[in-house]
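Student: So the chains spell out like this:
Number of protein chains: 2
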Amino acid sequence: MKPATTPDTFRRRFLRNAAIAGYITGTAGPLPSALAAASSEPGNKGQIEPFHGAHQAGITTPIQRHTYFIAFDLTTGSRDDVVKLLKAWTDATAQMTAIPARFDTRADPQQPSTESGATVGLSPSRLTVTFGFGAGLFTKDGKDRYGLAKFRPEALVDLPRFVGDQLVPERTGGDLSIQASADDFQVVEWAVRRLVKLANGIAEMRWAQTGFTGGFKPGTTGRNQMGFLDGTINVPTQNTQAMNQFVWVGDEGPHWMHGGSYMVIRPIRISLDHWDDMKIAFQEETMGRHKASGAPIGKQHEFDPLGLDREDKDGNPVIAEFSHAALSAPENNHGAQILRRAFNYDNGITKVAERWPPWRQLVTFDAGLLFQCYQKDPRTGFISIFGKMAQFDMLNQFATHTGSGLFACPGGVPPGGFVGQNLFA
Amino acid sequence: MKPATTPDTFRRRFLRNAAIAGYITGTAGPLPSALAAASSEPGNKGQIEPFHGAHQAGITTPIQRHTYFIAFDLTTGSRDDVVKLLKAWTDATAQMTAIPARFDTRADPQQPSTESGATVGLSPSRLTVTFGFGAGLFTKDGKDRYGLAKFRPEALVDLPRFVGDQLVPERTGGDLSIQASADDFQVVEWAVRRLVKLANGIAEMRWAQTGFTGGFKPGTTGRNQMGFLDGTINVPTQNTQAMNQFVWVGDEGPHWMHGGSYMVIRPIRISLDHWDDMKIAFQEETMGRHKASGAPIGKQHEFDPLGLDREDKDGNPVIAEFSHAALSAPENNHGAQILRRAFNYDNGITKVAERWPPWRQLVTFDAGLLFQCYQKDPRTGFISIFGKMAQFDMLNQFATHTGSGLFACPGGVPPGGFVGQNLFA
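Chains A and B are the protein sequences, given in the same order.
Count the first sequence with our numbering and you get residues 1 to 425, in order.
Count the second sequence with our numbering and you get residues 1 to 425, in order.
Rather than coming from a laboratory, the hints here were simulated on the basis of the structure.
Quick caveat, the model's predicted, so the values are computed rather than measured.
The reader is advised that the hints may include incorrect statements.
As the list claims (entries may be wrong) - Just some of the chain B residues that point at chain A, by a computed CB distance under 8 Å: (1) Arg223; (2) Gln225; (3) Asp276; (4) Lys291.
Ideal placement from N, C-alpha and C gives every residue a C-beta, glycine not left out.
Kindly produce the complete structure, drawing on both the sequences and the hints.
Tutor: Written as structure tokens, this is what we have:
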């Protein structure tokens with residue numbers, strides 16, 4: 001359909017109205033003066049997560065309310081395109097995390113704007129974007145597309161097939177990943193749409209998954225959809241020594257991964273209606289923890305030590321051997337720890353066949369856990385810990401891993417640099 | 001997998017720990033004393049939307065941040081089952097909207113709990129649940145399953161096919177509908193899961209759609225994903241006369257719909273990447289409004305009258321005849337108005353074929369508008385207004401209606417009653 005008025009009419013009208021209405025910022029990079037102004041606005045206090053630093057944002061950032069993960073397949077054959085994309089993503093992210101869209105009176109209404117404007121009026125909402133490199137960036141189908149094959153870290157393995165895996169290709173793998181998280185889903189959605197647009201002609205979305213958390217009191221452990229406190233035992237992010245031991249890549253890794261971390265992501269469908277039908281006592285035995293307090297079975301407080309050697313008077317272990325808590329405990333994993341950063345997800349409804357008698361077919365929620373963890377090396381982290389859990393965890397009868405990804409998330413970006421710059425140097 | 005300890009061991013352990021841990025409330029109905037306590041907790045101030053009243057909650061309630069709409073097919077042949085479900089839904093909703101899950105030390109750990117416990121620690125987050133009756137409750141496939149055919153309101157028509165409709169059965173119709181909305185998605189998700197569980201064996205989910213809004217300043221008009229202010233012209237909910245004229249069913253409708261309203265819901269996929277590529281001037285012409293201010297083209301303030309008769313010096317209408325604003329304006333629709341209550345939606349990514357040259361196939365977001373409106377009569381409301389827009393609205397080149405539903409939402413529920421009670425009296 002043609003516009004009802006001529007372009008010239010519009011041009012005149014817009015020149016007249018430019019001063020009134022203003023337009024969305026058309027600049028690709030950060031605006032230092034606007035940024036400083038945004039940071040000092042009272043409404044933005046505590047709303048801006050710094051983008052530049054030693055590590056990427058979104059790893060130790062206190063978990064936000066919403067997330068959007070997207071894995072991409074690179075469609076270009078050009079190394080320069082990849083660098084161009086990473087630079088564009090870096091610049092856009094530096095800007096978006098500091099300043100949600102503003103209207104810019106200098107912009108030309110005869111041009112599209114850089115982004116949608118959907119967040120004009122919203123705070124930065126603690127937006128972070130975290131970038132990852134999949135194995136396909138280094139080699140794909142045996143091809144070294146960008147001259148990077150020799151830089152693929154040993155730790156960036158192909159994940160083994162785990163017992164019970166029901167991975168679908170549409171939720172698995174990817175050459176690059178982005179993950180935007182913020183306390184406002186509209187900010188998250190706005191950010192990923194802008195980043196996806198920048199990938200036009202270079203990379204195509206392969207799979208995506210949103211996630212959410214409840215608005216629990218900051219500093220407390222939130223509950224998941226199963227009603228249990230989720231993430232009581234985790235690497236303490238304020239503890240530099242622990243972070244260097246378990247999470248951040250150090251001298252043992254390639255130079256370009258310094259300060260980075262390896263991220264495993266797995267959408268895990270939970271049979272929530274089946275779970276909700278279980279006796280509370282059985283749920284607690286499965287978890288190895290009390291539902292109300294989060295305390296280890298038979299203890300009183302969430303952070304009490306598990307005490308896995310405790311037996312009741314019949315000689316049974318107080319915390320079941322195959323409970324989720326026992327199997328994942330560092331003391332049962334040669335001290336190994338991973339930094340969990342998990343969201344809930346809910347993709348609406350889907351048709352499934354139940355995995356238990358009478359094997360009904362039913363319409364249920366495609367919902368559960370968007371599991372994510374960061375670690376120095378997935379071979380001693382996720383693969384080691386989950387390999388055993390995949391076999392024995394009592395929780396498995398309710399959980400189905402439907403997707404999977406492993407991404408090398410490079411270290412942080414200094415001002416003027418771009419994400420992964422040292423890999424391309 | 002069998003529990004590693006015997007049920008008896010567990011029973012003893014739980015009796016011992018009951019006082020420590022406590023369990024989730026097992027009561028099906030509201031707990032008056034707990035309710036009063038919840039209302040007076042300082043953290044709950046402004047967080048509770050009253051469930052009982054002359055009208056259902058969730059219609060004039062200031063829009064929440066998240067929503068979950070679910071349409072059901074009734075699978076039972078029994079009228080008593082339908083009544084049982086509506087009573088159970090009413091009781092659960094009265095409780096959930098006032099008190100998110102609590103742990104109840106009296107509950108038996110050898111029983112499942114009423115719900116998941118996922119919201120223990122969260123505020124009620126302004127939760128509302130709104131119920132609707134589709135045509136299938138009255139007659140389905142020519143059958144009067146519940147003896148209600150004679151009570152089907154004339155206004156509960158079968159929606160006509162509109163120009164451009166691309167409805168898929170998986171997003172269309174339904175015999176019953178529920179819609180939970182709150183400022184915390186975890187609360188929304190928890191509520192619908194409990195309500196769905198109550199429908200077990202009586203009704204099955206047919207389709208579902210989540211939605212969200214950005215955290216704009218209360219009392220201001222929020223922006224949608226297209227970057228425009230959304231809902232400037234709307235029925236003023238504080239104006240009883242206007243509400244009675246346009247929204248609430250009065251004496252002209254059947255007794256059981258008194259104080260109720262008819263709700264149209266349509267997931268509208270918007271080609272956001274295509275839209276974002278358009279010049280700002282073209283976007284504004286399409287909408288008939290300025291992007292920054294929301295003012296009618298050529299005017300300064302959001303709430304300035306449209307002034308549809310204005311012409312520029314070339315004799316062209318200042319606001320294009322086929323713009324969204326002009327076509328939907330009451331002055332072009334014999335004064336007709338509907339109460340819009342629309343959310344954004346984002347279902348992740350999907351493969352589509354573009355509707356414009358060069359007709360690329362691409363991976364893009366299945367995202368857009370979860371359009372909803374309430375009206376006294378859809379024949380003079382949505383059907384009349386949208387019938388014309390479906391043909392001429394310039395916005396149509398970016399919008400595809402993929403689903404549709406029309407539901408009769410009965411009036412509010414008095415304490416002790418249940419939703420739709422007068423239909424079954």
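Student: Quick check on Gln225 of chain B please, does its C-beta sit within 8 Å of some C-beta on chain A?
Tutor: Since the shortest Cβ distance to chain A is 5 Å, the answer is holds.
Student: Let me know if the C-beta of Asp276 of chain B comes in closer than 8 Å to any C-beta of chain A, holds or violated.
Tutor: 5 Å, holds
Student: Less than 8 Å between beta-carbons is the criterion; does Lys291 of chain B satisfy it with respect to chain A?
Tutor: Result: holds, 6 Å to nearest chain A Cβ.
Student: Is the hint on Arg223 of chain B kept, meaning its closest Cβ partner in chain A is under 8 Å away?
Tutor: Result: holds, 5 Å to nearest chain A Cβ.
Violated hints are absent here; each numbered hint is respected by the structure.
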